[in-house]
Structures are given as structure tokens and as C-alpha cells.
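Q: Using the sequences and the accompanying hints, generate a full structural model.
Protein chains: 2
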Amino acid sequence: MMIHSRPEMVHTHQTAPTQFVEANGNRFAYRRFGKSGGVPLVFNQHFTGTMDHWDPAVTDGLAMTREVILFNNAGISTSSGEVPGSVEEMAVSAAAFIRALGLAKVDVLGFSLGGLVAQALTLAEPGLVRRLVLVGTGPRGGEGMATLTPEAEAVFGATYAHPDDVWLGVFFTPTEKSQAAGRAFLERFRLRQQDRDPDVNEKVAPAQIEAISKWGAPRAGMFDYLREITQPALVINGSNDVIIYTVNSFILQQNLPNAQLILYPDSNHGSQYQYPALFVADVTRFLDAVVPFPTRKDTDHG
Amino acid sequence: MMIHSRPEMVHTHQTAPTQFVEANGNRFAYRRFGKSGGVPLVFNQHFTGTMDHWDPAVTDGLAMTREVILFNNAGISTSSGEVPGSVEEMAVSAAAFIRALGLAKVDVLGFSLGGLVAQALTLAEPGLVRRLVLVGTGPRGGEGMATLTPEAEAVFGATYAHPDDVWLGVFFTPTEKSQAAGRAFLERFRLRQQDRDPDVNEKVAPAQIEAISKWGAPRAGMFDYLREITQPALVINGSNDVIIYTVNSFILQQNLPNAQLILYPDSNHGSQYQYPALFVADVTRFLDAVVPFPTRKDTDHG
Chain A
597 MMIHSRPEMV
607 HTHQTAPTQF
617 VEANGNRFAY
627 RRFGKSGGVP
637 LVFNQHFTGT
647 MDHWDPAVTD
657 GLAMTREVIL
667 FNNAGISTSS
677 GEVPGSVEEM
687 AVSAAAFIRA
697 LGLAKVDVLG
707 FSLGGLVAQA
717 LTLAEPGLVR
727 RLVLVGTGPR
737 GGEGMATLTP
747 EAEAVFGATY
757 AHPDDVWLGV
767 FFTPTEKSQA
777 AGRAFLERFR
787 LRQQDRDPDV
797 NEKVAPAQIE
807 AISKWGAPRA
817 GMFDYLREIT
827 QPALVINGSN
837 DVIIYTVNSF
847 ILQQNLPNAQ
857 LILYPDSNHG
867 SQYQYPALFV
877 ADVTRFLDAV
887 VPFPTRKDTD
897 HG
Chain B
597 MMIHSRPEMV
607 HTHQTAPTQF
617 VEANGNRFAY
627 RRFGKSGGVP
637 LVFNQHFTGT
647 MDHWDPAVTD
657 GLAMTREVIL
667 FNNAGISTSS
677 GEVPGSVEEM
687 AVSAAAFIRA
697 LGLAKVDVLG
707 FSLGGLVAQA
717 LTLAEPGLVR
727 RLVLVGTGPR
737 GGEGMATLTP
747 EAEAVFGATY
757 AHPDDVWLGV
767 FFTPTEKSQA
777 AGRAFLERFR
787 LRQQDRDPDV
797 NEKVAPAQIE
807 AISKWGAPRA
817 GMFDYLREIT
827 QPALVINGSN
837 DVIIYTVNSF
847 ILQQNLPNAQ
857 LILYPDSNHG
867 SQYQYPALFV
877 ADVTRFLDAV
887 VPFPTRKDTD
897 HG
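Protein chains in written order, with this note's numbering: chain A, 597 to 898; chain B, 597 to 898.
Simulated from the structure, these hints should not be mistaken for lab results.
Hints may contain errors.
Identical copies look the same in the list; a pair holds intra-copy or inter-copy alike.
Distance condition first, Cα-Cα at most 30 Å in a straight line; then the derived DSSO-like pairs of lysine-lysine [claimed, not checked]:
| id | residue 1 | residue 2 |
| --- | --- | --- |
| 1 | Lys810 | Lys799 |
| 2 | Lys701 | Lys810 |
| 3 | Lys701 | Lys773 |
| 4 | Lys773 | Lys631 |
| 5 | Lys893 | Lys773 |
| 6 | Lys631 | Lys799 |
| 7 | Lys893 | Lys810 |
| 8 | Lys631 | Lys810 |
| 9 | Lys799 | Lys773 |
| 10 | Lys701 | Lys893 |
Being a predicted model, the structure only gives us computed values, none of them experimental.
A: Given below as C-alpha cells:
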């Protein structure tokens, strides 16, 4: 038998083929690229988003130092199944998908709704998650999270010359500088030409809103569960998130036992797309560190 | 006339000689070391602290990439004069000291009370300050800032086998890891043997408490002044600051027009001494960046 050896194809956000894996009765679409050999980073997407809503500046930036895995959760775009009506069920799907890839330990990044899924996944499967990156997200019962915020209602309810322009209001502040960064982001996330995900169907938004509302409903002791998430965590948001209010990132950090908070200036829900170089540097440092938050004793070798 | 040339003496936190300069009717003690040629970084010290209360891991770490200037403000230890009863007067002194060194533009770092002085200095002399680092500090009228917090009363009111042990409670959390980092800090800040500053006299604490109380008193529109501080700012604190509550760092970032917030995990008022490597890296990146918070457009050259 001959062994054929060839240099591995190096894929990027633009070229990574969509692959499929069966798990939990569904067929999950995913893309996997970057530097292999370490702990992969699994991305969990926001409300109505697909794999093509990630910013290549972020995914390719992080793929320089690790394998990144994008996927569509159940019922999203090219994945089969239905979007469940709770974050916890979305987390069950996500865990099944990760296990179906044969992975026993991953880093998890969640943005917005994806950040809720990332928390629920870590609670349900603590052994599966090494480190956690929570971006533009919030805790159970967080401030203004039981319903869409008034700002989100306005932005999602408006009509736009180009449909993607909705993201200028969701992810960026009204300042000239932030809007310019937003237009640059829209150019980047439209760059992939082939094998793009079709938009989600009309059943997705209602199911996701139901799940977000259940998660966001205030209750007694609503932040207690965060004490159980002992993984090192990095919480990142913009200064002026009007979709999931910035104070919720502060609440996450204050209640997670081992978390750092970073808030970038003059930025909204998509601060990581406004400052991709800072974001990639901050996340890379956090994920690469042997000790995630080293004291001087941890770094001293003298 | 002969010109004598010799390699410049490279000083560190431990070896930098105390120098003196006259300004505003006072004689200011200072130490100046590090990489010259750029914008110097002026350190403003906390309640009852002298130049010897800075951590060499922080000062020498930052001195790798810039000149650092430590000084005793009016009435502190080896500087002449009286401690004034307001933060604004302390800022007048600080500005006079900086000008007396012949400096027209500096970066300013302020820790705790020093962070109040740094804000007042920037307000009074906006042209003098390029960038601002605010550590373990808070805004005018900040939460719990009109008086010493109950936790501060308890820590400062207790007696200690070694007087410096008070800083274990002021700067570090009760966790084993934080206390171990605290003991390592105490070893570092006692390392300088020669030419140490004598402790402040008994008039210092009452005057500084008067100044802090005036600053901390709640008033209408108390955060409005922060909109006038347009310099790029980096706000850093521990997750559990019991001296100036952590929420005040969040309030600073939320009201400063161009500020990033970083909160480190499991840390109290002295998070920069618990995580000096992270702190030095974060502050160095912020101060060295051509654009302090670059968007992708700022970093693209393609």
C-alpha cells in the first residue's frame, strides 16, 4: 500500500470548505482552519447569524496561532434540524457537535447569543471546555435581557438600502469613526464569494428570541450559577453596547470566579470588529498563556 | 573647553538617586530612570505613599520602554511644604513639578489618590498630558468615595506585626493566591536599601483624607467633568477593590470619551502588583501605540 504525502492545504476564512458531521440527530455544517496541534477554538454565533457573519480579520487573526472551528448550530442555515427554544438545548447541540468531531477539550468563544450558549455549554460540560471568551454577552437575568432592548427593536425593525447595513447599527456606535470601522467590517465579511451560507429561514428569529427571553428573565439568585464556571474567562465588550447592555459584561466579570474584563472605547455590540487587532492580541495572549493570569511568582524563574 | 563624554549611567528603581527641583515655592524630591528619548511617564502615588511604595516590577518594567518619573508631592516625605486639603491643589503642585523639570508633554499614571490627582491635573493642564493611566481609582462623587470605605477603615485601623503588612489587606484579596502575590510584592518594594524615603509625617493622612472626601462627595452632574478629559485613557483595577470600589473604574470608563477598561480577576486595590507582567504589557501597549485604539483601518497598510 502506498502512502501519499503532500503539504497540507492551508485554508483561511475565505477558502475553508464547508464540511458536515452528524450528531444528536442533526447534520451540522462547519468550517475548520488555522494552525493545528493545539486546543481548537469553537466559535458560537449571534442572533440570526451564520458562519459567514464572522469577521475574517478576527477568525484569520486567531487562526494564526490555533485551529478555529466555525459551525452552524441546529436549524441554522446549512445545518439541519430546528432551532430549539432554550439556550440550554442549543448548548446540548453544540456539545454534541464538538464531540462528533472527536474533540475532548476545546476553547469556546461566544458572541452575544453565542455567549449565552457558551456559558450553558460550560455549565453542562465543564470537562469539555478549557478556557472561555465571552464577547458582547451577559448573564442569566442580566439587565435589559428579558426582551429585545428598545435600541435593538429600533435597529432590527428599520429597513435598509442594503440588508447587511443593519449591522452598522447593531455592532457600531453612531460616531464617524465607529461607522467607518463598520463599513470596513461589512466589506470584510462580504469577501468570501464561494460556498457562502444562505440566510437563516423565518423560523430562526422567533425561536432564538424565545431562548434569549427565557435566559434573560430575572429570577432570585440569578448570578449564582456563574460561581460554578471556574474556567479562566475573558469577557470583552464595547463601551456602549445597546443590544446587550455593557453593564452585563461587568456583571459577568464580577461574578465569574476567574475572569478578566476588557471594555474598548467608543464601541457597541461588535467591539471585536471595530478593533480586530486589539481583540486578536488580547484573546491570543489569554488563550496562549501557560498560566492565564500570571502573578509575578508565576512568571519568575530567577 | 573640553567635552567629557561617557556612557550614561543606567539606573533602576533600586539605584536611581533622589534628585530635587524647586517649583511653586516647594522643593520636590524625584527619581527619574529608564529609556530616555520619548514621552516620560509621571507616577502619582496613593494615600500616605512615598516613592518607595511603588513596585519595582512595575516601574522597572515600564522603564524598559520609556523614562519613568517618581516624585513626592508637596508635604510628602522628602519633599518640602504641606499636603493641601484638596485634590485640585495637589494637581497644581504636580503640574508645577513637571514644568520645573522642563517637560512640556508627559504621560500620567495615577494610582488611587494619585488617580484623582491625575484626573485633576489633566483637567487643569490638558496640554501637558498626552495619555492617562488610571489605576484603582474613581470619579468625583464615586460610589463609597465620600469617606473611607468600611473595609478601608478596618484594614487601616488594625495593627500589624510588621507595619508594611497593612498593604496585604489594602492591595490583595483574602485568597491564598492573592496573599502569596502580596507577600512577593512586599519583598520587592522593600528591596531598595539605600536612600529610601522616610515615612510621611502625621499631618499627611488627615490632609489627604480631607482631599479625598471633598473629591468623593456626591453632587449633581458629578460625572460630567469626565467628558472634558479627551486624552486616550486606560483604566485598570482589580475585580474586588474594597478601598475604591471596582464599580468606580467602570464608571470612569463609561464617562471618559476615549477610555479602555481592564479588570483583572481575584484582585483588590493593588491589581497591578498582583499581575505586574500583565499590567506592564497592557500599559506599554497602550502608551506605545501610534494610534492608541486602532481600528482595522488604522492598522491596514495594504
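Q: If a hint holds in the structure, say so; if it doesn't, say that too.
A: Comparing the hints with the structure gives:
When the C-alpha separation of Lys810 and Lys799 is checked against a cutoff of 30 Å, the pair qualifies only within one copy, where the shortest distance is 17 Å, while the shortest distance between copies is 57 Å. Taking the shortest alpha-carbon separations for Lys701 and Lys810, only the intra-copy value of 28 Å comes in at or below 30 Å, while the best inter-copy value is 53 Å. For the homomeric pair Lys701 and Lys773, the shortest alpha-carbon distance between copies (26 Å) is at most 30 Å, but the shortest distance inside one copy (39 Å) is not. Taking the shortest Cα distances, Lys773 and Lys631 never come within 30 Å of each other, neither inside one copy (33 Å) nor across copies (33 Å).
In this assembly of identical chains, the alpha carbons of Lys893 and Lys773 lie at most 30 Å apart only when taken from different copies (10 Å versus 41 Å within one copy). When the C-alpha separation of Lys631 and Lys799 is checked against a cutoff of 30 Å, the pair qualifies neither within a copy, at 36 Å, nor between copies, at 61 Å. Neither within a single protomer nor between protomers do Lys893 and Lys810 lie at most 30 Å apart by alpha-carbon distance, with minima of 43 Å and 39 Å respectively. When the C-alpha separation of Lys631 and Lys810 is checked against a cutoff of 30 Å, the pair qualifies neither within a copy, at 38 Å, nor between copies, at 55 Å.
With identical chains, the CA atoms of Lys799 and Lys773 are never at most 30 Å apart, being 35 Å at best within one copy and 49 Å at best between copies. In this assembly of identical chains, Lys701 and Lys893 lie within 30 Å of each other by CA distance solely inside one copy; the values are 28 Å within and 35 Å between copies.
In summary, the numbered hints that this structure violates are 4, 6, 7, 8 and 9.
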